[in-house]
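Trainee: Here are the chains, one letter per residue:
There are 2 protein chains.
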Amino acid sequence: MLNISNIVDRLREIMNDEDAQTQLKEELDSYHSADLADIFQAMKPEERLQCFKMLDLEKAAELMEYLTPQLQVELLGDIDEELASKIITKLPHDAAADVLGDMEDDESETYLDKLPHKFSAEVRELLTYNEDTAGGIMNPSVLTVNCDMTVLDVLNYIRIKAEQDNLELYYIYVVDKQNHLLGVVSLRSLLTSPINKKIEDIMICDIVKLHVDDYQDYIADVFMKYQYNALPVVDLYNRLKGMITWDDVQDIVEEETTETIYQSSGISTELVDEDKILSGNILNAIKARTPWLFITLIGEFIAVNVAHHFDATLSALPIIAIFMPLLAGLGGNIGTQSITLMVRGLSTGQVTLNSALYHIMREMLIGFCIGIFFGTMTTLVTWGWQHNVELGIVVGIAMAINMTMATIIGTFTPFALKTVNIDPAVASGPVIATTIDVIGLAVYFTLVSTFLLHVI
Amino acid sequence: MLNISNIVDRLREIMNDEDAQTQLKEELDSYHSADLADIFQAMKPEERLQCFKMLDLEKAAELMEYLTPQLQVELLGDIDEELASKIITKLPHDAAADVLGDMEDDESETYLDKLPHKFSAEVRELLTYNEDTAGGIMNPSVLTVNCDMTVLDVLNYIRIKAEQDNLELYYIYVVDKQNHLLGVVSLRSLLTSPINKKIEDIMICDIVKLHVDDYQDYIADVFMKYQYNALPVVDLYNRLKGMITWDDVQDIVEEETTETIYQSSGISTELVDEDKILSGNILNAIKARTPWLFITLIGEFIAVNVAHHFDATLSALPIIAIFMPLLAGLGGNIGTQSITLMVRGLSTGQVTLNSALYHIMREMLIGFCIGIFFGTMTTLVTWGWQHNVELGIVVGIAMAINMTMATIIGTFTPFALKTVNIDPAVASGPVIATTIDVIGLAVYFTLVSTFLLHVI
Chain A
1 MLNISNIVDR LREIMNDEDA QTQLKEELDS YHSADLADIF QAMKPEERLQ
51 CFKMLDLEKA AELMEYLTPQ LQVELLGDID EELASKIITK LPHDAAADVL
101 GDMEDDESET YLDKLPHKFS AEVRELLTYN EDTAGGIMNP SVLTVNCDMT
151 VLDVLNYIRI KAEQDNLELY YIYVVDKQNH LLGVVSLRSL LTSPINKKIE
201 DIMICDIVKL HVDDYQDYIA DVFMKYQYNA LPVVDLYNRL KGMITWDDVQ
251 DIVEEETTET IYQSSGISTE LVDEDKILSG NILNAIKART PWLFITLIGE
301 FIAVNVAHHF DATLSALPII AIFMPLLAGL GGNIGTQSIT LMVRGLSTGQ
351 VTLNSALYHI MREMLIGFCI GIFFGTMTTL VTWGWQHNVE LGIVVGIAMA
401 INMTMATIIG TFTPFALKTV NIDPAVASGP VIATTIDVIG LAVYFTLVST
451 FLLHVI
Chain B
1001 MLNISNIVDR LREIMNDEDA QTQLKEELDS YHSADLADIF QAMKPEERLQ
1051 CFKMLDLEKA AELMEYLTPQ LQVELLGDID EELASKIITK LPHDAAADVL
1101 GDMEDDESET YLDKLPHKFS AEVRELLTYN EDTAGGIMNP SVLTVNCDMT
1151 VLDVLNYIRI KAEQDNLELY YIYVVDKQNH LLGVVSLRSL LTSPINKKIE
1201 DIMICDIVKL HVDDYQDYIA DVFMKYQYNA LPVVDLYNRL KGMITWDDVQ
1251 DIVEEETTET IYQSSGISTE LVDEDKILSG NILNAIKART PWLFITLIGE
1301 FIAVNVAHHF DATLSALPII AIFMPLLAGL GGNIGTQSIT LMVRGLSTGQ
1351 VTLNSALYHI MREMLIGFCI GIFFGTMTTL VTWGWQHNVE LGIVVGIAMA
1401 INMTMATIIG TFTPFALKTV NIDPAVASGP VIATTIDVIG LAVYFTLVST
1451 FLLHVI
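Going line by line, the protein sequences match chains A and B.
With the first letter of the first sequence counted as 1, position 265 gets the number 265 in the working numbering; the numbers rise by one all the way through.
With the first letter of the second sequence counted as 1, position 236 gets the number 1236 in the working numbering; the numbers rise by one all the way through.
Chain A on its own, in the form it takes in the complex (with noise of 0.2 Å):
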């Protein structure tokens, strides 16, 4: 892909040129949109803007789908209103609808009422809804035909119908004369069947559909199973209001994909919206993290208070507490791997509640072997360098129970909470941490008290 600081530079220089313009515009209207985001992105806000006004109507439009939303309102608020407008007019409804959705409410009502009456009836429908479900991400430009036409009778309407309405083209929507769906014909089908057949022959009526309501992440799941490029979306009574494409999806995907992330890490994407916890006002970002942090702070000190029960211990033999951080970290990172491995297998469909047997047992026995293996080494370290067998033996017997316990707690723990439906990758991380904290650390100083005590 290209190097998008270097173009920067050289549209700079070109830019700083003030008998260069014609040759800016080339060079801009050079690049796919999609480089073009890119480039604006890295540029100054001055700069981009000095920049968008170069671009004509058409490449304004196209590369407004590609920009993020902060870029998109940036630019809109800094050009001539009628030009936005403009602009505006010439996206697809659902992305017309983004751009608006993410202004201020005064702002994007000045827009609604500049814009054409039936482009920006359609719009305000589109903003009715949640912007996380299918009613608030379809296009509803959807090209649709009636099953008594032949299959001549739709290449010839699509011939006008597709470039007026400005539609794209997946897959052909049968419905009758209320706007019921009907059927689909995809256009492999249209494309091969004889010119003289009728669309009811050719349709299919088993239709995957979505619902106006249906949130984005059963939209995602739907689109990830059964591998269509497009899917319609009904209303209750099944009347045909939109389509949502693949490129839709991926937005989506890469949003939930953000969201798992986070979650395993213990930030909170249910209380703030994710992308307000990266930038902007920081007690959103505080929100965000707070609340995994404080309960890790009541676990710890529900460790720190079974420490507290082995003070006599720790006052006889102050050495070892310098092992805590050690068991601690090794069995925190093992029963995380568990955790993680569960909890995506679980969400990608590769572990389910039926294997729940097979993978506790799997990993307990890795855990086990693991455990054996960095406990001998913990042991031989610690030998060494204290030269006290006995406390090296305890520490390291520590280590492998530690370990073997941690990952059985991180694979049992996504099942229990998926059984009682919990979602696993949101209570899982911080939680199963502190536990392996409280356990390991009871564990330790008991071996230590039984054994070493009397030892030494």
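By construction, these hints were calculated from the structure, which means they are not laboratory data.
Any given hint could turn out to be false.
Lysine to aspartate or glutamate pairs mimicking EDC-like chemistry, simulated, CA-CA at most 16 Å apart [as the list claims (entries may be wrong)]:
hint: 1; chain 1: A; residue 1: Lys198; chain 2: A; residue 2: Asp148
hint: 2; chain 1: B; residue 1: Lys1225; chain 2: A; residue 2: Glu62
hint: 3; chain 1: B; residue 1: Lys1225; chain 2: A; residue 2: Asp251
hint: 4; chain 1: A; residue 1: Lys198; chain 2: A; residue 2: Asp153
hint: 5; chain 1: B; residue 1: Lys1225; chain 2: A; residue 2: Asp38
hint: 6; chain 1: B; residue 1: Lys1225; chain 2: A; residue 2: Asp35
hint: 7; chain 1: A; residue 1: Lys225; chain 2: B; residue 2: Glu1255
hint: 8; chain 1: A; residue 1: Lys225; chain 2: B; residue 2: Glu1065
hint: 9; chain 1: B; residue 1: Lys1086; chain 2: B; residue 2: Asp1132
hint: 10; chain 1: A; residue 1: Lys225; chain 2: B; residue 2: Asp1038
hint: 11; chain 1: A; residue 1: Lys114; chain 2: A; residue 2: Glu82
hint: 12; chain 1: A; residue 1: Lys276; chain 2: A; residue 2: Glu255
hint: 13; chain 1: B; residue 1: Lys1209; chain 2: A; residue 2: Asp35
hint: 14; chain 1: A; residue 1: Lys209; chain 2: B; residue 2: Asp1035
hint: 15; chain 1: A; residue 1: Lys225; chain 2: B; residue 2: Asp1251
hint: 16; chain 1: B; residue 1: Lys1225; chain 2: A; residue 2: Glu82
hint: 17; chain 1: B; residue 1: Lys1025; chain 2: B; residue 2: Asp1056
hint: 18; chain 1: B; residue 1: Lys1225; chain 2: A; residue 2: Glu65
hint: 19; chain 1: A; residue 1: Lys225; chain 2: B; residue 2: Asp1221
hint: 20; chain 1: A; residue 1: Lys287; chain 2: A; residue 2: Asp275
hint: 21; chain 1: B; residue 1: Lys1177; chain 2: B; residue 2: Glu1200
hint: 22; chain 1: A; residue 1: Lys225; chain 2: B; residue 2: Asp1247
hint: 23; chain 1: B; residue 1: Lys1225; chain 2: A; residue 2: Glu255
hint: 24; chain 1: B; residue 1: Lys1287; chain 2: B; residue 2: Glu1274
hint: 25; chain 1: B; residue 1: Lys1225; chain 2: A; residue 2: Glu254
hint: 26; chain 1: A; residue 1: Lys225; chain 2: B; residue 2: Glu1254
hint: 27; chain 1: A; residue 1: Lys225; chain 2: B; residue 2: Glu1062
hint: 28; chain 1: A; residue 1: Lys90; chain 2: A; residue 2: Asp165
Predicted, not measured: the structure shown is a model, and the values here were computed from it.
Model the placement of chain B on the given structure of chain A, informed by the hints.
Mentor: This is chain B only, laid out in the frame that chain A set:
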């Protein structure tokens, strides 16, 4: 979506009824192949074999594309070889190559010998590419046309050719006599252009394309960025070799996401293929999990050594030991949050090296605010519990410093790794957690030695 286990139960009843074989076939045929794949996954091996034998050739081939590699090989191995070859011939070339590539070499050779000559030659070529590159992923059957054909010619050509060669239709590729890629025509522009127009007048010549040796992570990035449904694959001489479609990329994205999530918790996917970690030989799982645990072991022994330097302090004041897990736990957690945010941001492009300073300052502020809050709470709880205000204050200050420092390290390290071209996702997690442990303990013990030993 469907309740799979209910369906499997019902199918089981029908299977046990010898007179209901027609009903069983009807029932199976009524499901979408994607659903049927889920149903098969949930069945016992002998059950799915019984059901698979009921399907006709077309349905069996369609189902094959949705099954996991394990089930594909299992089912084909259990049925008659002739029948298996017929099913494979019905698959798209890339799917056939995937199935055969997952078999043992001698087994796939048996099938390849039985397949029609042209088909087996093309599949053999696909098998020569690395399965993680464009060559190994692409479908070589692509509809190509010449640039002097008219729109009508192409429409007529598709009508015959697409059906005959079982071709997927996304874009029409324009090539010269030596199969060099000259241009691309979307179905949309084919369907909306005047029928007597020449293809060279409507084709796009600035083509986003892939090379046979491009790796899958690059392919996914290109698809994500340019948002096409399908991209052509060419060799070094720009000869068209095949096409990659969205459903291929979906599998790549899922695999890449799994790798990212694994790496973030210290599971190496460089030594072991990511789908061999969750099941099968446990040696693979141990190999994938041990390297980062080993590095953690070394790091934690450094932490143990730091604590060892303060033996005298520990002997004088054993109570301070019990707060070690508390400090390490919260420092580790907030540090991991920062790493996760930066690594994910760098991978989606929301964070760039240019914005490093902004993010480091912002995270430092967040860490400071959260640190002050948690430090205060720690002070109050410790004071109330141990009736020792000095101890409470020292532990609280250590907590605040520890958490602030953990966010700084967690934010800074991914940028530093990125600058020297090491993938931050791979190296960050366990190393940073250990570093935070080491520095955190040093800070804590220094505070205790300096202030607390003199006070008490």
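Trainee: Now tell me, hint by hint, if it's right for this structure.
Mentor: For each hint, the structure was consulted:
1. A:Lys198 x A:Asp148: holds, 6 Å
2. B:Lys1225 x A:Glu62: Holds - the C-alpha atoms of Glu62 of chain A and Lys1225 of chain B are around 13 Å apart, at most 16 Å.
3. B:Lys1225 x A:Asp251: holds, 11 Å
4. A:Lys198 x A:Asp153: It holds: about 9 Å lies between the C-alpha atoms, which stays within 16 Å.
5. B:Lys1225 x A:Asp38: OK: Lys1225 of chain B and Asp38 of chain A at ~9 Å, within 16 Å.
6. B:Lys1225 x A:Asp35: holds, 8 Å
7. A:Lys225 x B:Glu1255: holds, 15 Å
8. A:Lys225 x B:Glu1065: holds, 11 Å
9. B:Lys1086 x B:Asp1132: violated, 27 Å
10. A:Lys225 x B:Asp1038: Distance of about 9 Å is within 16 Å: holds.
11. A:Lys114 x A:Glu82: holds, 8 Å
12. A:Lys276 x A:Glu255: Roughly 12 Å separates the two Cα atoms, so the pair holds.
13. B:Lys1209 x A:Asp35: Satisfied, since the Cα-Cα distance of roughly 14 Å is no more than 16 Å.
14. A:Lys209 x B:Asp1035: holds, 14 Å
15. A:Lys225 x B:Asp1251: holds, 11 Å
16. B:Lys1225 x A:Glu82: Outside the cut-off at roughly 30 Å; violated.
17. B:Lys1025 x B:Asp1056: holds, 9 Å
18. B:Lys1225 x A:Glu65: Distance ~11 Å between Lys1225 of chain B and Glu65 of chain A Cα, so the pair holds.
19. A:Lys225 x B:Asp1221: violated, 21 Å
20. A:Lys287 x A:Asp275: holds, 13 Å
21. B:Lys1177 x B:Glu1200: Measuring from Cα to Cα gives roughly 15 Å; hence the hint holds.
22. A:Lys225 x B:Asp1247: This hinted pair holds, its Cα atoms lying about 10 Å apart.
23. B:Lys1225 x A:Glu255: holds, 15 Å
24. B:Lys1287 x B:Glu1274: holds, 12 Å
25. B:Lys1225 x A:Glu254: Between Lys1225 of chain B and Glu254 of chain A the Cα gap is close to 12 Å, so the pair holds against 16 Å.
26. A:Lys225 x B:Glu1254: Roughly 12 Å separates the two Cα atoms, so the pair holds.
27. A:Lys225 x B:Glu1062: Holds - the C-alpha atoms of Glu1062 of chain B and Lys225 of chain A are around 13 Å apart, at most 16 Å.
28. A:Lys90 x A:Asp165: holds, 11 Å
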